[in-house]
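Heads up: the sequence lines are chains A and B, in that order. At position 99 of the first sequence the residue is numbered 98 (numbering that gives the first Met the number 0), and the sequence of numbers has no breaks. At position 121 of the second sequence the residue is numbered 120 (numbering that gives the first Met the number 0), and the sequence of numbers has no breaks.
Honestly, the hints are just simulated from the structure, not real lab data. Predicted, not measured: the structure shown is a model, and the values here were computed from it. Be a bit skeptical, because a hint or two may be false.
Because identical chains cannot be distinguished in the list, a pair is counted as satisfied if it fits within a single copy or across any two copies.
Here are the computed lysine to aspartate or glutamate pairs in the DMTMM-like style, where the Cα-Cα straight-line distance is at most 25 Å [claimed, not checked]:
(1) Lys70 with Glu125
(2) Lys45 with Asp84
(3) Lys55 with Glu102
(4) Lys70 with Glu51
(5) Lys126 with Asp84
(6) Lys33 with Asp84
(7) Lys70 with Asp134
(8) Lys45 with Glu102
(9) Lys45 with Asp71
(10) Lys33 with Glu115
(11) Lys33 with Glu125
(12) Lys45 with Asp67
(13) Lys55 with Glu81
(14) Lys45 with Asp100
(15) Lys82 with Glu125
(16) Lys33 with Asp52
(17) Lys45 with Asp87
(18) Lys70 with Asp100
(19) Lys126 with Asp54
(20) Lys61 with Asp100
2 protein chains.
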Amino acid sequence: MSTTRRNFIATAATVAAGTAVAAASPIIHMEKSKYPVVHHVFFWLKNPGSTEDRDKIIAGLKTLRQIDVIKDLRIGVVASTEKRDVVDNSWAVSELMFFSDLEGQASYQSHPIHQEFIKNCSHLWEKVIVYDAVDAE
Amino acid sequence: MSTTRRNFIATAATVAAGTAVAAASPIIHMEKSKYPVVHHVFFWLKNPGSTEDRDKIIAGLKTLRQIDVIKDLRIGVVASTEKRDVVDNSWAVSELMFFSDLEGQASYQSHPIHQEFIKNCSHLWEKVIVYDAVDAE
Numbered sequence: 000m001s002t003t004r005r006n007f008i009a010t011a012a013t014v015a016a017g018t019a020v021a022a023a024s025p026i027i028h029m030e031k032s033k034y035p036v037v038h039h040v041f042f043w044l045k046n047p048g049s050t051e052d053r054d055k056i057i058a059g060l061k062t063l064r065q066i067d068v069i070k071d072l073r074i075g076v077v078a079s080t081e082k083r084d085v086v087d088n089s090w091a092v093s094e095l096m097f098f099s100d101l102e103g104q105a106s107y108q109s110h111p112i113h114q115e116f117i118k119n120c121s122h123l124w125e126k127v128i129v130y131d132a133v134d135a136e
Numbered sequence: 000m001s002t003t004r005r006n007f008i009a010t011a012a013t014v015a016a017g018t019a020v021a022a023a024s025p026i027i028h029m030e031k032s033k034y035p036v037v038h039h040v041f042f043w044l045k046n047p048g049s050t051e052d053r054d055k056i057i058a059g060l061k062t063l064r065q066i067d068v069i070k071d072l073r074i075g076v077v078a079s080t081e082k083r084d085v086v087d088n089s090w091a092v093s094e095l096m097f098f099s100d101l102e103g104q105a106s107y108q109s110h111p112i113h114q115e116f117i118k119n120c121s122h123l124w125e126k127v128i129v130y131d132a133v134d135a136e
């Protein structure tokens, strides 16, 4: 068997193995175990209802994407789900981040880009609530 | 050029293309656009500090994994991050879910497995706060 033929078989086997792994482990399950620390922050505006101020915070939050310990960053606004007593829809912007570990979350807190965001945007919000969770299993 | 040689080149090109796509679109970005509706619920126990009651809720939440409109479900407990005024660590259990759209979230609310969870576990909690967000971008 030629070297080329052997290479082809090896490559084909790698491709097949890659496909098998992808089928057995959907994306969402891979992420679950890799980034177990969840950091969810909700912002209430000083000027409630100001889409301009809201968008300034959103623009500021986007700069956090440069911080490499943040494994995923989702920037949210209030969803138009059913109004129920238990649903708090009084906030304006949310950031939802995932970290590999608590050390990553701690280093994010003191990261210069995060500090710059706070310096530039904190005058826009009245209240912040942070929830830090870790996967229970 | 032999057929084998052409196959090898074609396969190698596919592998290379696959690598390029993976590099340009990390897993976390794929998920972002697919499941833009975020549903985050925090539970406070009637018996604060009861790990037994906490674990009953966690067991109940795991049953929700059978509901197919839930695209990812993460069950959390309080992470031992730095204590700060803005961090609320008074809750006991959290559920973080992702949906493809608002219709999915609405159908989850009335799903029999969800209703069964509420029936079996609601006597364990004192307070619930729900945050429903949708990706801002």
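How would you label the pair Lys45, Asp67 (within, between, both, or neither) given a Cα cut-off of 25 Å? neither (30 Å within a copy, 39 Å between copies)
Between copies, within a copy, both or neither: which fits Lys70 and Glu125 at Cα up to 25 Å? Close neither inside one copy (28 Å) nor across copies (33 Å); limit 25 Å.
When no copy is specified for Lys70 and Glu51, does a C-alpha distance of 25 Å or less occur within a copy, between copies, both, or neither? Answer is neither: 28 Å inside a copy and 32 Å across each miss the 25 Å cutoff.
Pop the pair Lys70 and Asp100 into one bin, within, between, both or neither, using alpha-carbon distances up to 25 Å. For Lys70 and Asp100, the Cα distance is within 25 Å both inside one copy (10 Å) and across copies (23 Å).
25 Å Cα threshold - placement of Glu102 relative to Lys55: neither (29 Å within a copy, 29 Å between copies)
My question is about Lys126 and Asp84: at a cut-off of 25 Å on alpha-carbon distance, are they close within one copy, between copies, both, or neither? Both, since 20 Å and 11 Å are each at most 25 Å.
Within a copy, between copies, both or neither: where do Lys82 and Glu125 come within 25 Å Cα-Cα? Both, since 23 Å and 20 Å are each at most 25 Å.
Classify it for me, Lys55 with Glu81: is the Cα-Cα distance of at most 25 Å met within a copy, between copies, both or neither? Close neither inside one copy (27 Å) nor across copies (27 Å); limit 25 Å.
My question is about Lys33 and Asp52: at a cut-off of 25 Å on alpha-carbon distance, are they close within one copy, between copies, both, or neither? Intra 34 Å, inter 27 Å, cutoff 25 Å: neither.
When no copy is named, should Lys33 and Glu115 be tagged within, between, both, or neither for a Cα gap of at most 25 Å? Cα proximity of Lys33 and Glu115: none, with 28 Å in one copy and 30 Å across.
Should Lys45 paired with Glu102 be assigned to within, between, both, or neither, using CA atoms and 25 Å as the limit? For Lys45 and Glu102, the Cα distance exceeds 25 Å both inside one copy (32 Å) and across copies (32 Å).
Please sort Lys33 with Asp84 into within, between, both or neither, judging by C-alpha distance up to 25 Å. neither (34 Å within a copy, 28 Å between copies)
Of the hints listed earlier, those the structure fails to meet are numbers 1, 3, 4, 6, 8, 9, 10, 11, 12, 13, 14, 16, in rising order.
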